[in-house]
Amino acid sequence: MNEESNGIEVEGLVRQFKNGPRAVDGISLTVEPGEIYGFLGPNGAGKSTTVHMLTTLLPPTAGSARVAGLDVATRGAEVRKVIGAALQEAALDPNLTGREHMKLQTALHGLPKEERVRRGDELIERVGLSDASDRRVGGYSGGMKRRLDLALALVHRPRVLFLDEPTTGLDPQSRASLWEEVTRLSTRDGVTVFLTTQYLEEADQLANRVGIIDAGKIAAEGTPAALKAEIGRPSVEVLPVDPARRKEAEDILLRFGSAVPAAGEALSVRLNEGIEELAAIVRSFDSAGIELASLGLNEPTLDDVFLAKTGRHLEGAGEAESAEMPLPASDPDEQAGPA
Amino acid sequence: MSGAVATAGVGVADPGAPDPGPSPLPIQISAMASRSIKRLIRQPALVIPSVIFPLFLLAVNAGGLNAATHIPGFPTDSYLTFAIGFTFIQAAIFSTMGAGQSLAQDIENGFFSRLVLTPMRPTALMAGQLAGLVLLGQFQALLYLSVGLAAGANFEAGVAGYFVLAALVSIISIGFGGIGLIMAIRTGSGEAVQGMFPLMFVLLFFSSMTLPRNLIEQDWYRFLATINPVSYLIEAIRSLFIYGWDAEALALGFGIAAIVAVLSITFAARSLKGRMLR
Amino acid sequence: MTPDRTYFSAAWAVAWRYLHNLYTKPAVFVPGLIFPLFFLAAFAGGLSAVGDTPRFDYYNFTAFQFCFILIQASALAGVFVGFSIAGDFEQGMGRRMMLATSRRSSILLGYALGAALRLIVVWVIITGVSLLAGMEVRATGYDLAGMYTLGLLSNVVALLFSAGIAFRFRSLQAGPLMQMPVFIALFLAPVYVPQELLTGWIEPVARLNPVTALLNGARSLMAGDPTGILLAYGVAFGLIALLALWALRGLRRAEVAG
Chain U
0 MNEESNGIEV EGLVRQFKNG PRAVDGISLT VEPGEIYGFL GPNGAGKSTT VHMLTTLLPP
60 TAGSARVAGL DVATRGAEVR KVIGAALQEA ALDPNLTGRE HMKLQTALHG LPKEERVRRG
120 DELIERVGLS DASDRRVGGY SGGMKRRLDL ALALVHRPRV LFLDEPTTGL DPQSRASLWE
180 EVTRLSTRDG VTVFLTTQYL EEADQLANRV GIIDAGKIAA EGTPAALKAE IGRPSVEVLP
240 VDPARRKEAE DILLRFGSAV PAAGEALSVR LNEGIEELAA IVRSFDSAGI ELASLGLNEP
300 TLDDVFLAKT GRHLEGAGEA ESAEMPLPAS DPDEQAGPA
Chain B
0 MSGAVATAGV GVADPGAPDP GPSPLPIQIS AMASRSIKRL IRQPALVIPS VIFPLFLLAV
60 NAGGLNAATH IPGFPTDSYL TFAIGFTFIQ AAIFSTMGAG QSLAQDIENG FFSRLVLTPM
120 RPTALMAGQL AGLVLLGQFQ ALLYLSVGLA AGANFEAGVA GYFVLAALVS IISIGFGGIG
180 LIMAIRTGSG EAVQGMFPLM FVLLFFSSMT LPRNLIEQDW YRFLATINPV SYLIEAIRSL
240 FIYGWDAEAL ALGFGIAAIV AVLSITFAAR SLKGRMLR
Chain F
0 MTPDRTYFSA AWAVAWRYLH NLYTKPAVFV PGLIFPLFFL AAFAGGLSAV GDTPRFDYYN
60 FTAFQFCFIL IQASALAGVF VGFSIAGDFE QGMGRRMMLA TSRRSSILLG YALGAALRLI
120 VVWVIITGVS LLAGMEVRAT GYDLAGMYTL GLLSNVVALL FSAGIAFRFR SLQAGPLMQM
180 PVFIALFLAP VYVPQELLTG WIEPVARLNP VTALLNGARS LMAGDPTGIL LAYGVAFGLI
240 ALLALWALRG LRRAEVAG
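Residue numbers (numbering that gives the first Met the number 0), protein chains in the order written: chain U, 0 to 338; chain B, 0 to 277; chain F, 0 to 257.
FYI, nobody ran anything at the bench for these hints, they're computed from the structure. Quick caveat: nothing in here was measured; it's all calculated off a predicted structure. For each residue, glycine too, the CB sits at the ideal point set by N, CA and C. Fair warning: there could be bad hints in the mix.
As the list claims (entries may be wrong) - Listed below are the simulated SDA-like cross-link pairs for lysine to any residue, each with C-alpha atoms no more than 20 Å apart in a straight line: (1) U/K17 - B/S33; (2) U/K17 - B/I26; (3) U/K112 - B/A66; (4) U/K112 - B/S33.
Said to hold, decoys possible - Residues from chain U that face chain B, not an exhaustive set, calculated with beta carbons under 8 Å: (5) L56; (6) K80; (7) L91; (8) E99; (9) L103; (10) Q104; (11) L107; (12) E113; (13) V116; (14) G221; (15) T222; (16) A225; (17) G256; (18) T300; (19) D303; (20) L306.
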C-alpha cells in the first residue's frame with residue numbers, strides 16, 4: 000500500500016502494559032481504502048488499545064501498522080495529519096461552546112482564518128448542531144457530544160477516520176443518525192472508517208467488513224454475510240396450533256435438520272441444506288394437515304459467529320477481562336490507556 | 000443529525016487535496032490561550048476561592064498578629080504592610096495548582112488526546128495554559144494591592160513599583176505554573192496534582208511569611224526559612240511595600256523566580272514532548 | 000436480631016468501612032494528619048517570638064498553640080468525614096448504603112464513630128509532637144479529659160455541619176463548602192495571641208465567634224486554671240443540637256432524592 004492510499008495495514012501488532020496482560024496480542028488486519036471496517040468485541044478485548052496505537056497515541060510494543068501508507072511508529076506526525084479520530088469518551092471541554100470547539104480545532108489544524116469559520120459552520124450544520132452551537136458543551140446530551148466529536152474529527156478533511164465505540168450509550172435515534180453520517184462519509188466522501196463497537200447490530204449494519212477481537216486476538220474476519228455463512232445455516236422455528244400434534248410436527252422438522260433449543264412450546268431445527276428447504280417444510284406440514292400458529296426462519300447472527308469462534312456470547316463476555324485491565328501507570332506511555 | 004443537509008465534501012478521499020500545512024505557532028498559541036482564559040472566566044467557582052482565600056488569611060493575620068510589631072527590630076509598625084507581600088505569592092502558588100489541575104483534567108477526560116492528534120506544538124499548549132494563569136496573576140496583583148492600600152497598607156515603591164510587582168508576579172506564575180504542568184503531564188491525574196497541595200503549603204509556611212527571618216527564634220525554623228526560595232520571593236515583594244527600592248531583595252527575588260521559571264518550563268516542555276510526539 | 004442491634008451493627012459496618020478506606024488509602028488519611036502538624040510547626044515554631052511580646056501572659060507558647068491545633072485537627076477530621084460521605088454518594092455507594100439500612104441515621108452514626116476512632120490517632124500524634132517540642136502541661140488529669148472532650152465536641156460539630164452539606168449536594172464538588180466555613184470560623188478566633196491582645200476588626204468578630212469559647216476553654220484547661228468551661232460546653236452542645244437537625248434534614252433530603 001503506498002502513501003497515496005487511504006487504507007490500513009496491521010501486521011502482528013502487540014501492546015503489552017507494564018505488569019499487565021497483553022491488551023493486544025499480535026493482531027493482523029487490512030482495511031481497504033474507502034471501506035467501513037467494524038472492529039467488534041466485548042469490553043476489554045483490546046479494541047481501544049488498537050485504536051490508540053493506530054492513531055499514534057500509544058506506541059506498539061511489537062509489530063507494525065501503516066495508516067494511509069505511513070508507519071505509525073516512525074511517521075506519527077504525518078499520520079496525524081491524514082487521520083481523524085473520535086475516541087471513546089467524547090473528549091470535549093464542558094466550558095466551551097460547540098462553535099468555540101470548532102474554532103480551536105480549525106486553528107490548531109492551521110486552516111486559513113476565513114476558512115475556519117466557514118468550515119466550522121459547515122460541519123456543525125452537517126451534524127445537526129446549528130441550534131446548539133453557541134451553548135456550552137457541558138449542557139449537551141450524550142448524542143450531541145458524539146456528533147460534535149465527529150464534526151471535530153472531520154475538520155481537516157481526514158482520509159482515514161477512527162471511531163472508538165461512537166454509539167455507546169446513545170439512544171436508538173441518535174445511533175441511527177450517526178450511522179447515517181458514517182455511511183455517507185464512506186460512500187460519498189471515500190473516507191476509510193475504522194470503527195470499534197461492542198454492538199452486533201452496529202457491526203452488521205454499518206461495516207463492509209468485520210474483525211472480531213477477543214482477549215487481544217482476532218478471532219474472525221470477513222464480511223458480515225461471509226462470517227455468518229461460514230458458521231452455518233439458518234434455523235426454522237415452528238409452533239403447531241394443536242399441542243397434541245407436537246410430536247408429529249417434530250418428526251417432520253427433524254427430516255430437514257437437527258434439533259436446536261427453541262423458545263417456549265416452539266420447535267426448532269438447524270437446516271441441513273439451507274434456506275431453499277423452506278418451501279419443502281411448508282408443503283410437508285400442509286400435506287400432514289398440521290396447522291401452524293407461527294413459522295419463522297432465523298438467520299445466524301454475528302453473536303452466533305462470536306459464540307462459534309470464542310465459545311461465549313458477546314454480551315457480558317467482557318466483564319472478566321475489563322476488570323483485569325491495568326490502572327494508568329506513572330509512565331506517560333501508559334497513560335493513553337487500555338481498551 | 001437527522002434532517003441535516005449535507006453541504007460539503009468532508010473527507011478528502013482525494014489525496015492530492017491541498018495540505019493546509021502546519022498552523023503557525025502564534026495562531027496555535029492564541030487559540031490555546033483564548034481557550035484557557037475562557038475556561039478560567041467560565042468557572043468562577045474554581046477561581047474565586049483562590050482569589051479570596053489569600054485575602055482572608057491576610058485579614059486574619061493582620062488582625063491577629065499586630066502584636067508582633069512590638070517585637071524589637073520589627074521593620075514596620077503595620078503588620079498589614081508586612082504581611083501583604085505574602086498574599087501575592089500565596090495566590091500565585093495556589094493558582095498554579097489550578098493550571099496543573101486543568102491540564103490533568105484534559106488528560107483524564109481525553110481532551111488532551113484530541114489536541115495531540117492535531118499538529119499543535121508543545122510550546123503552544125504550554126504557552127496557552129500559562130496565559131490564563133498570568134492573566135489571573137495580574138488580576139490578583141491589582142486586586143490585592145488595591146485592597147491593601149484601602150486597608151491602610153503602605154506601598155513605599157509607588158507607581159513604578161507596581162510595574163515591578165506585576166512583572167515579578169508574572170514570572171512567579173509562570174515558574175510555579177510550570178511545576179503544576181510537569182505534575183499533570185507526568186501523572187495524568189488531577190488527584191495527584193492535588194496531592195502537591197500539602198507540599199506547596201510547606202513551601203509557603205516554612206518561609207519568612209509571618210516574621211522577618213532575623214526575628215524567628217527557633218533555629219530549625221529560621222534555617223528552613225533561609226533555604227526556602229519562597230522566602231526570597233516574599234521578601235522581594237515585601238521590600239516594595241516597606242522600603243521602596245531594596246536592590247538586594249529585588250535581585251534575589253527576580254533571580255530565584257527566573258531560575259524556577261526556566262527550570263520548570265524546560266522540564267515541562269521535555270515531559271510534554273515525550274507525551275506528545277512519537 | 001432486634002432492631003436496635005441491627006441499628007448498631009449497621010453503624011459499625013459503616014464505621015468499619017470508613018476506617019478501612021483510610022487504612023487502604025493513605026492519600027485520604029495523611030492530609031488530615033499532616034495539616035495540623037504543619038500548623039503546629041509553623042505557629043509554635045515560627046511564631047514563638049510572638050509569645051515574648053508585652054502582655055502575652057499565657058505560660059507557654061507551644062501549649063498555647065497546641066490547644067488551637069487540637070480544636071482545629073478535631074474539626075478538620077469532622078470535615079473530612081463530610082468529604083467521604085459526598086464521595087460515597089458520588090460513586091453510588093451512598094445509595095447502596097441507604098438501601099441496605101432500615102434506619103438511616105445509623106449511617107451518620109457510623110461515620111461519626113469512624114471519625115472518632117480516627118481522631119484518637121491524630122490526637123496521639125499531635126500531642127506527642129508537641130511534648131517533644133517542649134510543651135509544658137499544667138493541667139490535671141480531669142482538666143485534660145475536659146480539654147480532649149472539647150476536641151471531640153468540635154469534631155462532632157464540624158462533622159454534622161459538613162454531613163449536612165454532603166447529604167444535600169451529594170458531590171465532592173461541594174468540598175470547599177464544607178471546608179471553608181469551618182476553616183474561616185477557626186481562624187476568626189484568637190489563634191496567635193490571647194483574646195485580650197486582639198485589636199481592630201478581628202476583636203469583635205472573635206468575641207462573637209463560638210470557636211473562641213471552645214478555644215479559650217481548652218487553653219484554660221491546659222493551663223490548669225479552668226475558666227469559662229460552662230460557656231464552652233454550652234456552646235458546643237448548643238451547636239451540636241442545631242447541626243444534628245441540619246444533618247438529619249440533609250439525610251432526609253438525600254432519601255427523597257433517591
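Now the hints, each set against the structure:
Between U/K17 and B/S33, the direct Cα distance comes to roughly 38 Å. Violation of the 20 Å bound is thereby established for this hinted pair. At most 20 Å may separate the alpha-carbon atoms for a hinted pair to count; U/K17 and B/I26 exceed this at roughly 38 Å. The hinted pair formed by U/K112 and B/A66 fails the criterion: a straight-line CA distance of about 61 Å is larger than 20 Å. A hinted pair counts as satisfied when its Cα atoms are at most 20 Å apart, and U/K112 with B/S33 qualifies at roughly 15 Å.
For U/L56, the suggested interface contact is upheld, since its CB lies about 6 Å from the closest CB of chain B, less than 8 Å. Given the 8 Å rule on beta carbons, the hint for U/K80 holds: about 7 Å separates it from the nearest Cβ of chain B. Proximity of U/L91 to chain B holds as hinted, the smallest CB-CB distance being about 7 Å (cut-off 8 Å). Evaluation of the U/E99 hint against chain B yields a held restraint, the C-beta minimum of about 7 Å falling below 8 Å.
Contact between U/L103 and chain B, as hinted, is supported at the beta carbon level, the nearest pair being about 5 Å apart and thus within 8 Å. The restraint placing U/Q104 at the interface with chain B holds, with a minimum CB-CB distance near 7 Å, inside the 8 Å limit. A hinted interface residue such as U/L107 counts as satisfied when its beta carbon comes closer than 8 Å to some beta carbon of chain B; here the least separation is about 4 Å, so the hint holds. Here the hint on U/E113 is broken, as its CB sits about 12 Å from the closest CB of chain B, past 8 Å.
With a cut of 8 Å, the hint placing U/V116 at the interface with chain B is violated, because the nearest CB-to-CB distance is about 13 Å. Interface hint at U/G221: violated, since its Cβ lies 24 Å from the closest Cβ of chain B, which is beyond the 8 Å cut-off. With 8 Å as the threshold, the beta carbon of U/T222 stays out of range of chain B, its nearest partner Cβ sitting at about 21 Å, so the hint is violated. Interface hint status for U/A225: violated, as the beta-carbon distance to the closest one in chain B is roughly 25 Å, over 8 Å.
Among the interface hints, the one on U/G256 is violated; its C-beta lies about 42 Å from the nearest C-beta in chain B, farther than the 8 Å criterion. Look at U/T300: its Cβ only gets to about 26 Å from chain B, farther than 8 Å, so that hint breaks. Among the interface hints, the one on U/D303 is violated; its C-beta lies about 31 Å from the nearest C-beta in chain B, farther than the 8 Å criterion. With its C-beta approaching chain B no nearer than about 33 Å, U/L306 sits outside the 8 Å limit, and its interface hint is violated.
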